[in-house]
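Asks: Below, each chain spelled out in residue letters.
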Amino acid sequence: MLRIDGLRVNYGGIEAVKNISFQVPERQIVTLIGANGAGKSTTLRTIAGLVRPAEGRIHLQAEDITGMSPDKIVSKGITLVPEGRRVFPDLTVLENLRIGAYLRKDSLEDDLNWVYSLFPRLKERSWQSAGTLSGGEQQMLAVGRALMSRPKLMMMDEPSLGLAPLVVKDIFAIIKRINQQGVTILLIEQNANMALHIADTAYVLETGRLTLSGTGKELLSNEAVKKAYLG
Amino acid sequence: MAKFFSVLLPYILSGISVGGQYALIAIGYTMVYGILRLINFAHGDVFMVAGLFMVYMAGSMPLYIAAPLVIVLTVALGFCIEKVAYKPLRTAPRMSVMISAIGVSYLLQNLALYITGGLNKTYPDIPWISDNVQVFGATTKWVTIITPFLTIALVIALVLLINHTKVGMAMRAVAKDFETSQLMGIKINNVISMTFVIGSALAAVGSMLYFSNYPGVVPTSGAMPGLKAFVAAVFGGIGSIPGAVIGAFVIGICESLIKGLDTIISAFVPGYAALELATFSDAFTFALLIIILVFKPTGLFGEKATDKV
Chain R
16 MLRIDGLRVN
26 YGGIEAVKNI
36 SFQVPERQIV
46 TLIGANGAGK
56 STTLRTIAGL
66 VRPAEGRIHL
76 QAEDITGMSP
86 DKIVSKGITL
96 VPEGRRVFPD
106 LTVLENLRIG
116 AYLRKDSLED
126 DLNWVYSLFP
136 RLKERSWQSA
146 GTLSGGEQQM
156 LAVGRALMSR
166 PKLMMMDEPS
176 LGLAPLVVKD
186 IFAIIKRINQ
196 QGVTILLIEQ
206 NANMALHIAD
216 TAYVLETGRL
226 TLSGTGKELL
236 SNEAVKKAYL
246 G
Chain B
858 MAKFFSVLLP
868 YILSGISVGG
878 QYALIAIGYT
888 MVYGILRLIN
898 FAHGDVFMVA
908 GLFMVYMAGS
918 MPLYIAAPLV
928 IVLTVALGFC
938 IEKVAYKPLR
948 TAPRMSVMIS
958 AIGVSYLLQN
968 LALYITGGLN
978 KTYPDIPWIS
988 DNVQVFGATT
998 KWVTIITPFL
1008 TIALVIALVL
1018 LINHTKVGMA
1028 MRAVAKDFET
1038 SQLMGIKINN
1048 VISMTFVIGS
1058 ALAAVGSMLY
1068 FSNYPGVVPT
1078 SGAMPGLKAF
1088 VAAVFGGIGS
1098 IPGAVIGAFV
1108 IGICESLIKG
1118 LDTIISAFVP
1128 GYAALELATF
1138 SDAFTFALLI
1148 IILVFKPTGL
1158 FGEKATDKV
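Sequences listed follow chains R and B, in order.
Counting in this note's numbering, the final residue of the first sequence is number 246, and the numbers go up one at a time with none missing.
Counting in this note's numbering, the final residue of the second sequence is number 1166, and the numbers go up one at a time with none missing.
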C-alpha cells in the first residue's frame, strides 16, 4: 500500500534518514523500532508531508505522493498521530475530533459514533477541554482525532510514550482492533516488546539505516534485537 | 451629583468612543500575535492608509460605495502585506519578521508622504455620524455614540466566528500548534491570511470612526493610535481578544479623563490654577505599558508565558 524507495532526509543539519526503503502492505500492522535518534520520527514526518525528503520516492498505492503538502497527504488517506499526543488543549474533546475531520465535508455522525465506541471515555468527556484529560485519555483522543479523517493508513509516533503500563496495554489492544477494522497501521516505538507483539512486519532502524526486517515474531526471537531492544 | 455628571460625562463618552476605536485596531494586533507571535508594527499604518483611501475615494464616488470599498481595499492591503513581507519569512527567526514589519510600517508612511505630499488631507464628512447630538445635556457627535455599540457588535460577531465556526476552530488550533494543525489538513497559510483579513477590515472600520473626529489624515496619523492600540493589546494580554477590547476601553477612558482633568478639577475646586495636565494623557498610556510589563507581563487575560513548542 505504501512504498518507500531510497528515502534520504536531512533534518536539523544532519542526515537523519540515510537511504531507506520499505513497504507497508495493506491491512497490516508494520512497526519501525529503533533507539532515540534513529530517524523513526523523521521518517513518519516525511511521509506526512511535514518534512521534504532530499532524495527518494514515496508511493501510496500507485500514486507518487513525495513532497505533497500535509493537507494533500491527509486527503489521500494518510494520517499521523504525533509524538506526545499534541491534542489541542483549549478545544473540547468533541472539537478535537471534529478538527480531525477538517477536510471532510460529509456527515461525521457515523465516524463520531465509531470513535466513541472505541473510546467510550471520550464520549463521557466530549464537552471537556482536552487539556483536562489524563495522559491516557489524551492518547485516545489523539488516535480518535486521527481516525476522524477516515484514514487508509494511520501512522503512530510513540503512542506508549509517558503512559502507565496498563494504559499502554489498552492502547495497543485498541490499535489491534482498529487494524482489524481495516485500517493499515505504521507504528514506531521505543517500546519494542509491545510493538513487535502486535506487528505483522517489523523493521529495525539504526542511525538512519534499516538493519533488520522480518515478521514481529521473528524479530522478537532474534538475538541481536533481544540484546539491543528487549533488554 | 448633577454637576459631577454634567462635567464628567462628555469626557467619559468621548473616552468610550476613542476606546472603541482603539479596540478595533487592537484586535488586529492581538489576533496576529495570537497566531504568528508577531507584533505587526505595520498595522497602525494600514489604519492610516485606510483613512487615505477614504479621503481619495470620497471625492469621486458616493459614500455608500466608498465606505465598503475602503474596507475591501484595506483588506487587500493587509492580505498583500502578509503574503509579501511575512509569509516568505515563515521559518525565519521571529526577530526577522518583526524587522520586516517595521520596514513595511516605514514603507507605508513614506508612500503616504509621497502621495499626499505630507499635507493634511481633510477627512470627508460622513453624513449623520459627523452630526452633533445632545446626550444628557452634553453635546457630542453621533460617532461618539455609535462607536461603542458598533465595536461591541463587531467583537461579538468575531467571538462567535472564532468559537462556533470551522474557520474559527482552525484559527484556535493554528494559534496553539502549527504542526499538528497541518496534520489535521488545515492549510495554515489560509488561516493566517484570514487573520490579516479580519484585522484589516476592523482597522478600516476603526479608521472611519476615528478620523471622523479629527480634522484629517497625515502620513503619521496611524502611529499614535496604532501604538495606543498596541498598549491596549498588551494591557489586556496580547493574544486575547476580550483582553484587547477591555484594555482599549480602559485606555480610551483614562486618556480622555486626563485630557479633561483641568476642567474637571476646576469645576469642583474653586481657585484651582490649571496645571495643563492634559499634556500627560499620552504619557499615561505609555507609563501604563511600562507598569504592566514590569508587574504583569502577561496582561489581564494573557496566557502564561508558555512559548510555542
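Because the hints were derived from the structure by calculation, they are not lab data.
Note that the coordinates shown come from a computational prediction; the quantities given were computed from them, not determined experimentally.
A portion of the hints provided could be inaccurate.
Claimed, not checked - Using 30 Å as the maximum straight-line C-alpha spacing, the simulated DSS-like pairs for lysine-lysine come out as follows: (1) R:Lys184 / R:Lys138; (2) B:Lys1023 / R:Lys120; (3) B:Lys860 / R:Lys91; (4) B:Lys998 / R:Lys91; (5) R:Lys91 / B:Lys1153; (6) B:Lys860 / B:Lys940; (7) B:Lys1023 / R:Lys167; (8) R:Lys87 / B:Lys1023; (9) B:Lys1044 / R:Lys138; (10) B:Lys1044 / R:Lys87; (11) R:Lys33 / R:Lys232.
As the list claims (entries may be wrong) - Listed next, the stretches of chain B that the computed footprint assigns to chain R, with coverage defined by at least 3 CB atoms under 8 Å from CB atoms of chain R: (12) 1021-1029; (13) 1039-1048.
Yeah, the Cβ is synthetic: ideal placement off N, Cα and C, and Gly gets one too.
Asks: Check each numbered hint against the structure and report the violated ones by number, ascending.
Replies: 3, 4, 5, 6
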